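Peer 1: Sequence:
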Amino acid sequence: MSAENGKPMKHIIDQATFDEAVNENIEILDMLSDEAIEAAKAQFLSQNVDLSNIITDAYLYDGIDNHPFVKKFNKCKELAKEIIIDEDEIMSLIHGIVKEMETDKAKKLYVGNNGGYTLGVDILRAIAEQADPNPSRKFKKNLELLEQLELVMINWKMEEPSLTTTSRRSPPFTWS
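The sequence shown begins at 0 in numbering that gives the first Met the number 0 and counts up by one.
All the given hints hold, so there is nothing to weed out.
Computed list of lysine-lysine pairs in DSSO-like fashion (alpha-carbon distance at most 30 Å, straight line):
| id | residue 1 | residue 2 |
| --- | --- | --- |
| 1 | K104 | K70 |
| 2 | K98 | K80 |
| 3 | K98 | K9 |
| 4 | K98 | K74 |
| 5 | K70 | K98 |
FYI, nobody ran anything at the bench for these hints, they're computed from the structure. Owing to the predicted nature of the structure, the values given are computational and were not obtained by experimental measurement.
Work out the full structure: start from the sequences and follow the hints.
Peer 2: Right under this line is the structure:
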């Protein structure tokens, strides 16, 4: 129990722990992924576990790389490595990622824990390094992107300060 308000403290687990429970339900109890997820959620909730940082999406159990959100994020990573970035494509991806992050804490944590800050800087650097005879025009064209990335980073720091103070290694949290 919490000393402050007399309410029981919520326990926290990582994505790997949740995934292990789901996979056991699938393999041992021969459940479908949706059933296995619901059973794992019920089990952890009965033990007063906070699942707000856990992605409980059936896509995960087909492999993390198949999840639509992860595909968008990975596509941004690929585009950031290109010599010339398709700004319209990357803006579309960023808007989609940010929109999902606004409503899903687990997705926000995934981006923060998997190099989202660095990715934003890499994208801006790649765009800035593209050959352009008039850099001021280029900056004006990218102003929306700059503002969007800056706001996202400020929000992450305000809501999840631990994401900016931890080491760059990936924590045990994996995203579904």
